[in-house]
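Q: Residues per chain are reported as follows:
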Amino acid sequence: MTPKFKAQAGTFESSDIMILIEPLEKDSGRKVDISSTVILQFEEDIKKTINQVLDRLQVEGLHLIAKDKGALTQTIEARVETAVKRSLGIQEGTM
Amino acid sequence: MIHPTCFKHLGCICKQEVDKMEKVVREILEAKEIRSKERQKFAELGDISLSLTLNIPGVPKSNYQIKLFFSECLSDLKRFLLSHRIIIEEKREIIRPDAAGDFYLVPVSGNEISAATIKEIAELYEKEHSLGRLLDVDITDEKGNPVSSGKAKKCYFCNEHPAVFCMRRQTHKYGEMRTVIEKDISRFLQERRKIRVCKDLSAFALKALLHEVSLSPKPGLVDRFSNGSHSDMDFSTFLNSSAVLSVYFKEIAEYGYSYSSANIKDALPKLRQIGLQMEEDMYCETCGVNTHKGAIFLLGFSLFVSANQIKNRNFSYDSFVNQIKELNGSLVENELGKKLYSSKKTHGEECFEKFGDKGKGIRGEIQSGLPCVFNHAIPVLSSHFDKMDAVKDAIIHEGLKQTLLVLIAHNYDSNILYRKGEKVLNELQDISQQAFTLFGTQYFNSKYQDLLDYCNENRISPGGSADLLAVAFFTYMVNKKYNWKVFNTN
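Chains as they are written, first to last, in numbering that gives the first Met the number 0: chain D, 0 to 94; chain R, 0 to 489.
Just chain R, with the same shape it has in the complex (with noise of 0.2 Å):
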């Protein structure tokens, strides 16, 4: 064994090295006897322990990756265990990193069940659970002994002869099995990193849509307790609809999480197709009225794009919005300059004809990277929500009607434009800004009712406004815990 550092004794054998290894041996060996120790105090008590340990092949037997791992399986295990009625008791655990590497141990409550039993409920998670051959889950009887199934675990490299002659013989070199089993652990956290990932994005959106509606009293829009200017839906058409949209959220992020062509506008298709089975059901439910097409369109992008960054950890406002104009493109030119649909225009296409470039709507507003959510709606979330730390329903009221004010008096919004013409569209952004500067003012709540009343009289709902409050919150929900220059290791 050469020392690389040691330069008094250049090319020798340096015994240096050899000392250190043998330290580190004995440190091993040291541990498990405390280990054994402890299993022999819970067994002087009359208790039944159960232990969770890593069969770490060289040193170190932990290391930061492993460490998470060990986390993750403690967790499976506890919960394989609850789910198979072995109650532990958990006050007096003992998690504690030696030596030898990562160490839990439990007494498991009463007697009921024997330690055999047990012994076969840990091999079937061991048997269940996809790197199970790296985990050991020993248990250890009320007298003391080890409770052995006789059965031999077979090697993790070679799957041929059983794990301890391979260990024994040292037949695979610790070098390579390391590299195997740090890869086979970097996998299996990805895995568990991807499912995170999702279930959050996928409820950050389910939450946009539900805050959104619930958001009362509303401009025009329907609310917890009015209609607002709609008379074919409520609170309820809301309610159903968003349950039916959640369904596909988390495909939408995991179809982002998984993407890897170098060319993202190749996922359109897909998304489209999601996208359009999602309006489907939406319809379905809702007896035919559109309650949610824009927040699909716009949630859709959303949840695709920010899985797909928090995979690749460059999530960032900049970055979300560069890679929607990348995936969009020229969304106006392609999809307003030409039928798509042959049997009727929809309203942004026939608005668009009309009003040219104030009537882009939407569209407009995704190809120059939603600038209403990022310059106006995004700031305002901040200044309400950056520090609050458990969700209060008025805290949340109060952020995010001053948002959906921001966003109504600089959103463009096609559907008013269409239906109402350019004036009360402008008379509309108008008092809005004017609630907006007012808000937390004493004028606040009679400019607010003026907006409200406006509304009510010339029939008006900004439901393009509330789509992009809802993906606002959603974008600002996942900057908060995702976003990679804060969160680097998320």
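Same shape as in the complex, but just chain D (with noise of 0.2 Å):
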């Protein structure tokens, strides 16, 4: 799938991440920026985990950037699902 929109998800509160989905073109693949009060130490992990959604939501398409506080991984997962969901139009919230 492609994003259709622009969405974001998270707030910038302490152990929070902040997930910004803007649209591509079609075939132009992934881009990922990360950035991160623990980059040093997390920034494979919180990587590896926003892949990880983005492969079982089987999305494409989309520039995503993290602006992370660090959330745990199980809240970075919730985030990004949410903000692909409001990209792709079946969750409420788009920006």
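There may be inaccurate statements among the hints.
With a straight-line cut-off of 25 Å between C-alpha atoms, the simulated DSS-like cross-links for lysine-lysine are [stated by the list, open to error]:
1) R/K152 / D/K66
2) R/K310 / D/K5
3) R/K193 / D/K66
4) D/K66 / R/K22
5) R/K40 / R/K90
6) R/K36 / D/K66
7) R/K66 / R/K193
8) R/K142 / D/K5
9) D/K84 / R/K40
10) R/K249 / R/K193
11) D/K84 / R/K22
12) R/K206 / R/K310
13) D/K3 / R/K36
Since the hints were made in silico from the structure, they are not lab data. Quick caveat, the model's predicted, so the values are computed rather than measured.
Taking the hints as your guide, dock the two standalone chains into a single complex.
A: Written as structure tokens, this is what we have:
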């Protein structure tokens, strides 16, 4: 699937993550940018978690920006899933 | 994860329980998004906003105790902000506990102070607060961006790594963290309660002294308009003396609140030291006149005992009396029976020598558990003040007047006995009893005038009863606010 809308999920609070999704042209794959207060220790971890959710939901053609403040894996999964669903127009709260 | 109440799937990894946890997490995340939207709404109006939240690991994010803690911190924060001249718009504040815990959000008035400066002050508040690391004061600027200081707070538990690393790594077990946090919060709330109780008690003690002396006219006693039977003191002497004594009330209350030895009598030397210091200060202030010696003695013990019982959440008239008795033991035998001061006898000592049992005075009253106060004065105070919400001079005046009458009628005042003899004391008690009985009738005023005249003619001053009036009023106020049976939560 390909996102139709710009969407976001999450907050800037500590222990949370803000996920922004922008649709890209078809067949342009995924672009994931991560900033985090724990980037040195957890960059790979966060990237892996995000990609796993995107794989599971089978979405391509998007630019995902993550602004992390130490969110747990479970939180990252939930926030990415919500952002994707919003960008697909199947969950409320589109930007 | 084994579900403890799942009989069907005994020993299984219960799906219900996993679903429940996922639901809780989802609710917390949703709550945080709603909070974020509220911040954005303020930003859309061009306002900087400030929030207070707590860092509570695990779930539930709030409970009764955490809520109390939050509301204490919120009051502190508001005072702190005002003291630093950060004006918040309280009319637009949001106080909304949700799945993520307790939450407070408010816009800051005007944009003269930059969001960065407000953040610095918020950080100062967190730093100065004894449990500041549990608190998060977040600032969102007028464009909706979070303001960060870039400083990483240390972990509450190990105090070694930045908090964010320990949280992300889940270094510490939730259960252990919660135990520590709940213990710290409980200690914090106990300390706050102590401050509140001791403040209340010292205010009650001063109120008792001031209302007693202000009651006018009084038979033979100093009041607003007359020196009564006294030539060496007046209303001002009493106000000044009350002022110097009030300095010590909180010290005694704090001593009582913190006192934890099993034997309450071990407290006596320290209590006597404070009492003696108070007497010295009183004499210094009044140029050697005894205005409050009896009141120091009675209020001193009462402050100590009531603070101690409120701490243990068992204050009641009965337990108060028992502890006063326990604290004093055999005062009559121990103190009146032997000479405490080598230079000269006190009036109380001489009176006991002369009149025996009838001359036991205030020590006898205390040893038998203040019967004048509890059997006579308190019921009268109750009948006047139980339903009183707002303090009105006229109501206080009437209530205290009738209470003073019942006290004079029943108190075997060793001072009057010593100075005037048994016959005068008995006559005084009779007239007071008659006035007490006539209270509220058309005959009262003339009988009360008889009492005033009798005291003036005989130069009598029922100072002992005035002291008992003060201590009765004090105890009444304490009971009204802190009786554990009525106000279990105080």
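Q: Which of the numbered hints above does this structure break?
A: Failing hints, ascending: 2 and 3.
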